[in-house]
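**Q** One-letter residues, chain by chain:
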Amino acid sequence: MYKLPYKMIASYLPSLNIFLKEAGEIARFTGRFFTQWFKPRYEIAELLRQCFVIGYRSLPLVGLTAFILGLVLTIQLRPSMEDYGVASQLPAIVGIAIIREIGPVIVALIFAGKIGSSIGAELGSMKVTEQIDAMEVSGTNPFKYLVVTRVLAATLMLPVLVLLGDAVSLYGSWLGVNIRGNTSFYLFWTQVFNSITFSDVLPAFIKSYFFGFAVGVVGCYKGFNSNKGTEGVGRSANSAVVVSSVMIFLIDLLAVQVTDVLGLN
Amino acid sequence: MENRTVNNIKLGAFVLGGLLFLVVLLYMIGANRSLFGATYLLKARFENVQGLVAGNNVRFSGIQAGTVKNITILNDTVIEISMLIDKKMLMIIRNNALVSIGTDGLVGNKVVNIVPSKVSAPLAKEAEILQAKRAVSPDEMLQTLYTTNNDIAVIAANLKTTVQRINSSSALWALLSDPSIPKDLKISVAHIRDATGKAGNIVDNLDLMVEDVKVGKGLLGKLMRDESLAKNLEAAVVKINRVVEQADSLAGEFSGLVTDIRLDATKGKGTLHTLLRDSLMAASLTNSLENIQQGTDGFNQNMEAIKHSFLLRGYYKKLKKQQQKNEKKQE
Chain A
1 MYKLPYKMIA
11 SYLPSLNIFL
21 KEAGEIARFT
31 GRFFTQWFKP
41 RYEIAELLRQ
51 CFVIGYRSLP
61 LVGLTAFILG
71 LVLTIQLRPS
81 MEDYGVASQL
91 PAIVGIAIIR
101 EIGPVIVALI
111 FAGKIGSSIG
121 AELGSMKVTE
131 QIDAMEVSGT
141 NPFKYLVVTR
151 VLAATLMLPV
161 LVLLGDAVSL
171 YGSWLGVNIR
181 GNTSFYLFWT
191 QVFNSITFSD
201 VLPAFIKSYF
211 FGFAVGVVGC
221 YKGFNSNKGT
231 EGVGRSANSA
241 VVVSSVMIFL
251 IDLLAVQVTD
261 VLGLN
Chain B
266 MENRTVNNIK
276 LGAFVLGGLL
286 FLVVLLYMIG
296 ANRSLFGATY
306 LLKARFENVQ
316 GLVAGNNVRF
326 SGIQAGTVKN
336 ITILNDTVIE
346 ISMLIDKKML
356 MIIRNNALVS
366 IGTDGLVGNK
376 VVNIVPSKVS
386 APLAKEAEIL
396 QAKRAVSPDE
406 MLQTLYTTNN
416 DIAVIAANLK
426 TTVQRINSSS
436 ALWALLSDPS
446 IPKDLKISVA
456 HIRDATGKAG
466 NIVDNLDLMV
476 EDVKVGKGLL
486 GKLMRDESLA
496 KNLEAAVVKI
506 NRVVEQADSL
516 AGEFSGLVTD
526 IRLDATKGKG
536 TLHTLLRDSL
546 MAASLTNSLE
556 NIQQGTDGFN
566 QNMEAIKHSF
576 LLRGYYKKLK
586 KQQQKNEKKQ
596 E
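Chains as they are written, first to last, in my numbering: chain A, 1 to 265; chain B, 266 to 596.
Read the hints as simulated data drawn from the structure, not as lab findings. Mixed in with the good hints there might be a few duds.
[Stated by the list, open to error] Cβ pair distances, simulated, as ranges:
1) A:Ile68 to B:Tyr292: 25 to 31 Å
2) A:Ile68 to B:Gly295: 26 to 32 Å
3) B:Glu405 to A:Ile68: 45 to 51 Å
4) B:Leu291 to A:Asn265: 16 to 22 Å
5) B:Val343 to A:Leu61: 56 to 62 Å
6) A:Phe185 to B:Leu363: 35 to 41 Å
7) B:Gly373 to A:Tyr42: 39 to 45 Å
8) A:Ala23 to B:Gly367: 51 to 57 Å
9) B:Leu363 to A:Asn182: 32 to 38 Å
10) A:Asn265 to B:Gly373: 14 to 20 Å
11) A:Asn265 to B:Lys352: 49 to 55 Å
12) A:Asn182 to B:Val384: 40 to 46 Å
[Said to hold, decoys possible] Here are the simulated DSSO-like pairs of lysine-lysine, each with C-alpha atoms no more than 27 Å apart in a straight line:
13) A:Lys114 to B:Lys275
14) A:Lys144 to B:Lys275
15) B:Lys582 to B:Lys593
[What the hints assert, rightly or not] If you want the footprint, here are the derived chain B segments under chain A, 3+ residues with CB under 8 Å:
16) 280–293
17) 333–339
Owing to the predicted nature of the structure, the values given are computational and were not obtained by experimental measurement. Backbone N, C-alpha and C fix where the C-beta goes; we use that ideal spot for every residue, glycine too.
Bound conformation, chain A alone (with noise of 0.2 Å):
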């Protein structure tokens, strides 16, 4: 007879409670966020101070990154796409791959790398250091000022830097093309263009929205949390690049879902 292993359930019973209460505080910290979003007074300039540092001061890091990506990834592709004989296709493929998903995917994680912990180990380092109470008693809106500009700024500026991240990588690519090859640029472009469609590119673009909101929200929630000094900002930071990154994974999970049952897979 087979003897059910309680003790061992139980033993996870915390960590589960755990889980689900941090999953159950994230979703109301983002409803407070849509509440916040919309009442005045709008912080402006310190949106756009922080579109500034999460964005354009991401780029080099996110461009390095999308490169080197797009030329490894053709020199790669190479030997297995001669061995079928279709080399001539590797612009296509390249192309398809990175629009669709390595593109948004991998400048996503290393967003949420270099953003998450960022914002975690800023926000935490206030709490711990009480400049957000001190914000609040003098009168200023923490949550509105800290939170919603970083989380609207990390929303707006990834899809960006996926834009600029995927022609990065794909420049990157064609070098990677013509390491071993002789493809135009122009020949590049075209054949690249030719293979990708609406159905790679917005689905795409869109669920670099949801990767850029939920590292802010993550960001914000375990910094404008983090409690036990000094240590607990370095767990904030940390654990707000772990937590993003595996919400990264499960929303390009549902995003796949969604474009498959909407057909555009």
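Guided by the hints, dock chain B onto chain A, whose structure is given.
**A** Then chain B, alone, in the frame of chain A:
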């Protein structure tokens, strides 16, 4: 403050760069799908569209000309495809162009190929149905390839046997290694060249003769060209025919006469039968002839005597002189 302005400009450029790439991307995809710019509709009907879907490319003589708009099943054997064609093709595609479904490369997407006909026809109008050409499916190609492979295998086996026989043929190799053969071949080629030259001359002469005949020169030319000669010949032939007919009837009559004579000579009782068959009559006739000869000799003697008689001597002298005069005149 100044720093913030610079940062905002950088941010604006960053966002614009991203959006520009998005716009270019969407525009290029849209242009490839004939979403921008003027288009017109053409249709074609197939039994089997072989996996063609809306959005697949349409090519005219290999050039991108539009996209498949939609595919409609009309009944269980007819499927209609509607194609959005670039308006620039309006003055190029004719209504007798053939439409077929192909593949972009060996493993690529399906494409619709419009191939122009060599015969001139009016330009295809909006929503006109073009004639569909049944494309060869990969299964059929593989089936053909299978048959071809089998044939090639048989041919290769035969070729192998032939090559082995050639390799094992000592006579052939002896022939090939004989140094005198190239020399003989050269001589033969020279002879062939001479013969060819002569044949060329003959042909030239024949050509000249034919030219002469054409213009009516020579007997043959006249025969071929002269109408009066042809008429004369025709008349002569008619006459010859008539003479031949007369000769034929004459021969018939003569044959009958000979038959009569033969009958009369063998069985009849007439003079001829008597002359030819009666021996007594022959003897009597011989005697009579001898008597006549004797009578004639006597008569000659008498005439000679009369010539020398004084009564007629003058007459004969006169006759002789007249005869001599006539001979002189003739000389």
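**Q** If you test the structure against every hint from before, which numbers come out violated?
**A** 7, 11 and 17
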